[in-house]
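Asker: The primary structure of each chain is shown beneath.
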Amino acid sequence: MNDTLSQFSVLSLYSAMAIYAIAFILFTFDLARGAGREANAAAASDSIVQATGDGSIATLTRVKPDAATQPRGRGRLARIAMAMTWLGFLFQLAATVLRGVAASRVPWANMYEFAMTGTLIITLVFLIVNLKWDLAFVGAFSTGLVLLLLGLAATRYYVEVVPLPPALQSYWLVIHVFVATLGTGFFALGFALSLTQLLQTRREYRAVESKPTRLGWLKRLPDSAQLENYAYRLIIIGFIFWTFTLIAGAVWAEKAWGRYWGWDTKEVWTFIIWTLYAGYIHARSTRGWRGTRSAVLAMVGFGAVMFNFTIVNIYFKGLHVYSGLK
Amino acid sequence: MSRPSDHIDPGQAAPAEEVRGVRLGVVGWLRWAWRQITSMRTALILLLLLAIAAIPGSIVPQRSSDPNGVTQYFADNADLAPWLDRFQLFDVYTSAWFSAIYLLLFISLVGCVIPRAKHHWDALRGAPPATPQNLNRLPAHLSASMPGTSPAEVIAAAERILRRDRYRVRRYDTSERLTVSAERGYLRETGNLVFHVALVGVLIAVGFGGGFGFTGQRVVVEGQAFTNSLISYDTFSPGRFFSATDLTPFSITLDKFTTLYEERNVNAVGQPIDYTADVTTEVRGSDPIKQVIKVNDPLRIGGADVYLLGNGYAPAVTVRDPAGNVVYQEMVPFLPQDRNLTSVGVVKLPDGLSKQVGLIGFFYPTVSAGHSGAFFSMYPDLLDPLVTFNVYVGDLGLNDGVPRSVYALDTSKLTKLTGTKTDLPSLELRPGETAQLPNGMGSVSLDSVKRFASLDVHRDPTQGWVLAFALAAVAGLLTSLFIPRRRVWISARATSGGTVVEYAALARGDDPTLSEALTRIATAHGSDLGLVRE
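These protein sequences, in sequence, are chains A and B. Using this note's numbering, read the first sequence as starting at 534 and increasing by one per residue. Using this note's numbering, read the second sequence as starting at 9 and increasing by one per residue.
With the rest of the complex left out, here is chain A (with noise of 0.2 Å):
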């Protein structure tokens, strides 16, 4: 019955994978029409102004308002790959609820599973932070990027169902490795968008030196303090999950090992991780280093994070040896 199910979730995965392909070169597509386009954005004023009447409170002008809530045009395209992606995203959970029930636990206990629900939570960030702000342009690399460890993970991570070792079975196992998770998502995102703010930066910089560009696709996107400001506040959002990631894991490798730190590897990547990032939140404050620098550290930390969930797992030694992998 479990192995039926475990092949239910594997067929699902597979079938989100497909989806995901076709939001993925939609989005691209969408990307690429925007080289031919001039920026229909700027259409949309800068201030507001409102008629006043008599007797009443009207609001007559606003100075630069937040480019948040500026209306921008979602295109057809973009529209599709949004769709697919919520589908694929609904094909990518079946999956991984699937695998937990034939697991009888939390799916996340080996990389395979970890990249399951780790890509599910990216792509579930991805698409909530989508209904608040319009950030569809990240829409290629983020289902690019699940797609990739998607496909790293079924075709080489894969291990079957096997049950928690003695050291796994603690509630601190659903905790400590789902916010890690979350905070992922969110790192994956900032990650996505502060590349693009580099982008952005440089097409900038050609459009005032009015030099040609090949970037002329990113026209249509916000500009890059606008893209600066959205990597920031998902990743200060990451930082506080790592953070919590951390103190989880130190409580819990106090009641699991007999110490709360013990510069396991894992455990100093973590810290790299977080030292990183709190590096980053502090060059947004510090003359010289906003803008292009910030967004580097952004993206090395990310890299970081990359690293530990694939290098650090497979081939350090330390007492996370959780790969399932032989």
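In case anyone wonders, no lab produced these hints; they're calculated from the structure. For clarity, every value in this text was computed on a predicted model and none was experimentally measured. Just so you know, even glycine gets a beta-carbon here, dropped at the ideal spot from N, CA and C. It is possible that some hints are incorrect.
[Unchecked claim] Computed cross-link-like contacts, BS3-like style, restricted to lysine-lysine with a CA-CA straight-line distance of at most 30 Å: (1) A:Lys788 with B:Lys264; (2) B:Lys298 with A:Lys850; (3) B:Lys356 with B:Lys421; (4) A:Lys799 with B:Lys302; (5) B:Lys356 with A:Lys788; (6) B:Lys421 with A:Lys788; (7) B:Lys458 with A:Lys788.
[Said to hold, decoys possible] Each pair of labels, with its calculated beta carbon distance range: (8) A:Tyr704 with B:Asp295: 30 to 40 Å; (9) A:Thr537 with B:Asn85: 34 to 44 Å; (10) A:Tyr704 with B:Ile212: 25 to 35 Å; (11) B:Asn85 with A:Arg607: 29 to 39 Å; (12) B:Gly538 with A:Ala565: 29 to 39 Å.
Once you have looked at the hints, place chain B on chain A.
Answerer: What follows is chain B alone, placed relative to chain A:
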């Protein structure tokens, strides 16, 4: 730490002095150095350096977390290892350079927190700043005309609305206009300070924590008891300020050790799924209590925590001389070597037999033989146990005063009598069996096979403090990142037949909802005055 947006880095503003070529003197240089170290840029660079400095400790094995790995590294890289050791790369996290970075970072942090705390204290007691002349230059600005109202009632309503929204309020009136200046979100800065002070707290608590506590390891076989005293530990590492009288007298008897292995899931047969140590504990002066220790469930006793960190088999071995007198009878813990618990153990017989005899034993809980005839264990549970012994005679090396591990036999002065490369096969014993030692030296019996648990006993009186500071840091972080700090000004100027009102807001730090908040205030203000949008 991040400074308020109106902060000016003193380290940057100083050069005028230097340009004039004024001799700074010792105090001047110290002040300069202090400014440099407490500058935001230095703090940021130290933070990034700390991240980089932590990396080698994850690549090179560390003495603190992986002492065997270090030994192995020295063996594998005989040329490189001493050089790495010279740069403390096997002790990265206690090394001079790593410590220097984090100590400088914390000095920088303290140097930043103190003036900021003072600045914040003054702000908390002071009034919101005077209203700027041109409100329309601020990042968020709205204006409205309110015919039929007087500036006085308009500004009174504004004051009321802002107070209700928990703004701190102060009136600045001129003959031209009435204004109210308001500020809120002082908690943002409080949170920021709490976060950074809490980090210092974590550092101090961690620093002292190691000093007052201890860690000790002890292997206990089923049926055995162990008392919490220095001599009963196999290994013991006290903190710097620890004294042996700090050990609370208690004893722990291992009644039974139960393991559970996966039997049904074909992908995981033999994988351990549960370890349970049933123990009887007794703190001096009270009745014994039956308790359980599990892997994620340590036993808290006498101010210390007892963890179940390992387990294995302990064959009960009896050795008799040719006359049948017992010369040795012990339960010998064998150290597990693989996931099916093939285990290795050592018996040393310095007296009682005609010569000094050493036995190296291999234990197979479920024995099987490979193609070559070599034994291996195919399952970790006790289904078909077998012990084999290689017998050595000669000098055990126990009399030269050098401490020897009970788990290793130094065979340099011993002659091998049984096993590979000898004329005799190894002794093979199943529980209840007896085998004769070569040359009529006596006999060895395997009476039974018990299990042992390896217990770690820790005491760290400051770990509660570490947790408390860490949680305080999280609380501080949450408030400092998500509570908006805002200044709002509202001015009312009389015009013919009414009042013109201006609303303006300024964020201090990141504040995504500033305009919305100002709109909300303006709307609430309008409805408080009984005005409606037409």
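Asker: So, for every hint listed, does it hold in this structure?
Answerer: For each hint, the structure was consulted:
no.	hint	in the structure
1	A:Lys788 with B:Lys264	holds, 22 Å
2	B:Lys298 with A:Lys850	violated, 37 Å
3	B:Lys356 with B:Lys421	holds, 14 Å
4	A:Lys799 with B:Lys302	holds, 24 Å
5	B:Lys356 with A:Lys788	violated, 36 Å
6	B:Lys421 with A:Lys788	violated, 45 Å
7	B:Lys458 with A:Lys788	holds, 27 Å
8	A:Tyr704 with B:Asp295: 30 to 40 Å	holds, 32 Å
9	A:Thr537 with B:Asn85: 34 to 44 Å	violated, 50 Å
10	A:Tyr704 with B:Ile212: 25 to 35 Å	holds, 30 Å
11	B:Asn85 with A:Arg607: 29 to 39 Å	violated, 57 Å
12	B:Gly538 with A:Ala565: 29 to 39 Å	violated, 55 Å
Hint violations for this structure: numbers 2, 5, 6, 9, 11 and 12, all remaining hints satisfied.
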